[in-house]
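Listed below, chain by chain, are the residues.
There are 2 protein chains.
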Amino acid sequence: MMSFLAGRRIALYPKRYAVVAAVIGSFAIFHNVFASGGEESTMFAQTFFWIAVILIAAKLSSLVERFGQPSVLGELVIGVILGNLALLGIHSFEPLRQNEIIAFLAELGVVILLFQIGLESNINQMKKVGLKAFLVATVGVIVPFVLGTYVVGPWLLPGLTANAYLFLGATLTATSVGITARVFKDLGKLQTPEAQIVLGAAVIDDVMGLIILAVVSAIVTIGAVSLGTVSIIVAKAVLFLVGAIVIGQLIAPILGRSFSQIHTGVGMKFTLAICFGLLMAFLAHLIGLAPIVGAFAGGLVLDPVHFRYFKDPSIVRDVKVAVREADVHTREQVLKAIEPHAHRHIEDIIEPVAFFLVPIFFVMTGFGVKLETMFDLPILLTALGITAVAFVGKIVAGLVAGQVDKKIVGFGMVPRGEVGLIFAMIGKGLGVVNDEIFSIIVIMVILTTLLTPPILTYLIKKEKKAETREATA
Amino acid sequence: MMSFLAGRRIALYPKRYAVVAAVIGSFAIFHNVFASGGEESTMFAQTFFWIAVILIAAKLSSLVERFGQPSVLGELVIGVILGNLALLGIHSFEPLRQNEIIAFLAELGVVILLFQIGLESNINQMKKVGLKAFLVATVGVIVPFVLGTYVVGPWLLPGLTANAYLFLGATLTATSVGITARVFKDLGKLQTPEAQIVLGAAVIDDVMGLIILAVVSAIVTIGAVSLGTVSIIVAKAVLFLVGAIVIGQLIAPILGRSFSQIHTGVGMKFTLAICFGLLMAFLAHLIGLAPIVGAFAGGLVLDPVHFRYFKDPSIVRDVKVAVREADVHTREQVLKAIEPHAHRHIEDIIEPVAFFLVPIFFVMTGFGVKLETMFDLPILLTALGITAVAFVGKIVAGLVAGQVDKKIVGFGMVPRGEVGLIFAMIGKGLGVVNDEIFSIIVIMVILTTLLTPPILTYLIKKEKKAETREATA
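Residue numbers (our numbering), protein chains in the order written: chain A, 1 to 473; chain Y, 1 to 473.
No lab work stands behind these hints, which were simulated from the structure alone.
C-beta: ideal position from N, C-alpha, C; glycine also.
A portion of the hints provided could be inaccurate.
[Stated by the list, open to error] FRET-style restraints, in silico, Cβ to Cβ:
1) A:Glu372 to Y:Glu347: 23 to 29 Å
2) Y:Glu347 to A:Ile90: 36 to 42 Å
3) Y:Ala235 to A:Ile90: 28 to 34 Å
4) A:Gly288 to Y:Glu65: 38 to 44 Å
5) A:Lys428 to Y:Gly223: 55 to 61 Å
[What the hints assert, rightly or not] Restricting the straight-line Cα-Cα distance to at most 20 Å, the calculated cross-link-like pairs of lysine to aspartate or glutamate (DMTMM-like) are:
6) Y:Lys464 to Y:Glu65
7) Y:Lys189 to Y:Asp405
8) A:Lys428 to Y:Glu40
9) A:Lys428 to Y:Glu39
10) Y:Lys428 to A:Glu40
11) Y:Lys428 to A:Glu39
[Said to hold, decoys possible] Covered stretches of chain A (in silico footprint by chain Y; criterion: 3 or more residues with CB under 8 Å from a CB of chain Y, positions within the stretch not fixed):
12) 39-50
13) 57-68
14) 83-94
15) 98-106
16) 235-242
17) 347-354
Here chain A stands alone, though its shape is the one from the complex (with noise of 0.2 Å):
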């Protein structure tokens, strides 16, 4: 399909796509002589190089806007033409995969994602869906669970122990919010109840998913769990999510203030809000839950008002310049009525930061899809049926969101992401997951990845027509 889009484009504009062959033609000639490296500083120059692919990569990718699709599905798909040219021969990005800055600026990126998004999202209107949210996280946890640990998982899986079912269970549970966090966003709809309910779950199951893993990983190395040590698990993780809101809302403004008398800049507003979402990724992190996780209730907790103590002078003062020089009559009503946009907003400030960032998120993580592993037919089998409990448990958990599009909760949920692999991960160290489960996990999170941005961009422009029409009639 991309090299018929890509033919149809070349002949529609010859020129634009000769400077583009020019560019990717010129990656042969460089590639060369990255077999030189070794020092420190060629490494570092080199990633200069691969973060400007990656950047060009995604943009490029953004053409898929043009057929209706998110961008971020660009990014995932770019990301596994990229991620799968050694199938062939071509192996010039193979580089790309030992690449641990790059590794690091995609887990930035999706950190910056998140907070970025709570900071949109308004944590009053998230109270009002908390209730909504809790519910479907609690069933799309339970679902898949129950479904992949006692049903779908014995019954392809035939002949493996209890505990390995126990973990192919758990890694269905947790959701990757951020690819559904990216279409909504994309599509301009992370203000809708959908979305926020979607967010809100997401945030939720996180925390139940790391609640499951500690008593599942319990089980396997000790032959059993207390309820004392998934007391502790759970109070941590509450109190983290509850002390973040509740604390955070009250040092915010005096944080705001108190860095105000520094320096009232966009700079100092800037460093104040990109600092508070890292060290709540940070927090996060140390008790265990996603830094994804820590970065979003960061964003919550902001709020424009922390900042009105910062200005920003140069948008108002081009204004200014330009009404001044039209020499209109009534200049001081215009200057007046323009003071109050003085302000760049906060999440104008975080974007470039995240259109520098965000992207090597989803292109590295396309990157990271294995094609090779789907050549397997009986693995394969098994995974699409691994697969399908997936999306079931999460939409039916999406039956429960109440007075909503039911459908774009339940597929909102339905990407797993690094939580999955994660568990099957640790579920490998204690050598629980053999290969074969492990590429059948694989599987399941690079197939719930890259459906649902086309599955969700669907059903919302479906309820949007339908609204439409409703409106007109």
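Let chain A serve as the given structure and place chain Y on it in line with the hints.
Quick look at chain Y alone, frame taken from chain A:
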């Protein structure tokens, strides 16, 4: 001095500093958990923490602005403090030294800074000062090299080989433009002829330094150097700079037009610009120049006009809403005047990334300063002599700058940095530079780096005062 200032401020604003103290206090708590590290995810999360610590420290240090100093000085000083707390038995910050990701982010930060400064510099203005910059660079390379190699080197450090003096002289040639550029930027003086001459000369002397290094290395390793080798190096470097600027000016508009066909959003504009800078930094590294030289050339080439295809509707929408709400009569007139300002300047979009990364470079530069190297009195005294040569060599260069403030140009060229240290490291690798010379070079780098910002600030402010006096007289 710092503790005196801190004490004074604490007395003035007790509450605010209680918050800061709490933040710093929390470091101690988190510090304990660091021992548990090992895995990639833990390392990544710790790096989030370190980034936040560095950025907060950098912003706290901008208190130096109250004393008329550029914030870069604050960042350097706080870095020196954090990097030498081990002398007081506080080892909490030592893990930063091994963190390769932070080292990379610092390097990326200085690349972004020079790219930004290139963007803010005007290529025509730069051409106007081209000859002066070339003169300043030439004198500023020859004088310290000759003084170091043939006069002060043999005098202060008798009994070494001729090759050792050659290397010592070579380390004194290349200006580290980052520090000076930040001082000019912090004081809003980037557009002055002095700043333009310094920027141009720093790029040129980096190229000259590269040639000297190649020649000196050849002399050390094979005892002689052929004119052919030197010619090739010179040709490569000149070709890169001229080629980058000429070809860059040709292809930048094509790239701008091509990519704007895919998407006209602010994200595409940002990505194009930043990738251009990163690729230029990479290309510079490939031919043996410092990446910052490439980034600067990249910024110089890019011009707002290349981005005229991109739109950023958010600002003008805000302004329009304001004007509409105010219900002014000349609304059409005002809207027409405001329209051209709908585009966010590319500099504004890059700025947040600079907020994020640039302070990491300067704090880590300070962090790398080992104060204990200064505890050895004979070495310190010799280093002071070599530092004097470093100052004198560049101040003399400033004298050929023509009708500008010669002192500002001269002192602006003083800072030595990574290039000098790279030379020293190569010399060490070749067995020519011993530990003593290495320490001396490190101290010279430290002193030229730390002394320049306050001196330059003083000179620029004095010039400004003199101008004001002339204007009023």
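We went through each hint and held it up to the structure:
As the Cβ distance of Glu372 of chain A to Glu347 of chain Y is approximately 45 Å, the hint placing it in 23 to 29 Å is violated. The supplied range of 36 to 42 Å is met by Glu347 of chain Y and Ile90 of chain A, whose beta-carbon atoms lie about 38 Å from each other. About 33 Å separates the C-beta atoms of Ala235 of chain Y and Ile90 of chain A, a value consistent with the hinted range of 28 to 34 Å. Taking 38 to 44 Å as the suggested C-beta distance range, the pair Gly288 of chain A and Glu65 of chain Y conforms, at roughly 41 Å.
The hinted range of 55 to 61 Å is satisfied by Lys428 of chain A and Gly223 of chain Y, whose Cβ atoms lie roughly 58 Å apart. Restraint check for Lys464 of chain Y and Glu65 of chain Y: satisfied, since their Cα atoms lie roughly 17 Å apart, inside the 20 Å limit. Straight-line distance between C-alpha atoms of Lys189 of chain Y and Asp405 of chain Y comes to about 13 Å, which keeps the hinted pair within the 20 Å bound. Proximity of Lys428 of chain A to Glu40 of chain Y is assessed by CA-CA distance (about 17 Å); at most 20 Å being required, the pair is judged to hold.
Restraint check: the Cα-Cα separation between Lys428 of chain A and Glu39 of chain Y comes to about 15 Å, which is no more than 20 Å; the hinted pair holds. Taken as a hint, the Lys428 of chain Y and Glu40 of chain A pair is honoured in the structure, with Cα atoms around 17 Å apart against an allowance of 20 Å. Straight-line distance between C-alpha atoms of Lys428 of chain Y and Glu39 of chain A comes to about 15 Å, which keeps the hinted pair within the 20 Å bound. Beta-carbon proximity to chain Y at under 8 Å applies to 9 residues in the region 39-50 of chain A; the threshold of 3 is reached and the given coverage holds.
With a threshold of 8 Å between beta carbons, the proposed coverage of the region 57-68 of chain A by chain Y holds, since 6 of its residues qualify and at least three are required. Check on the region 83-94 of chain A: 0 of its residues sit with their Cβ under 8 Å from a Cβ of chain Y, so the three-residue criterion for coverage is violated. With 4 residues bearing a CB less than 8 Å from a CB of chain Y, the region 98-106 of chain A meets the requirement of three and the coverage assertion stands. Three residues within the 8 Å Cβ limit are the bar, and the region 235-242 of chain A against chain Y gives 0, so the coverage statement is violated.
Counting residues of the region 347-354 of chain A whose C-beta sits closer than 8 Å to any C-beta of chain Y gives 6, which meets the bar of three, so the coverage hint holds.
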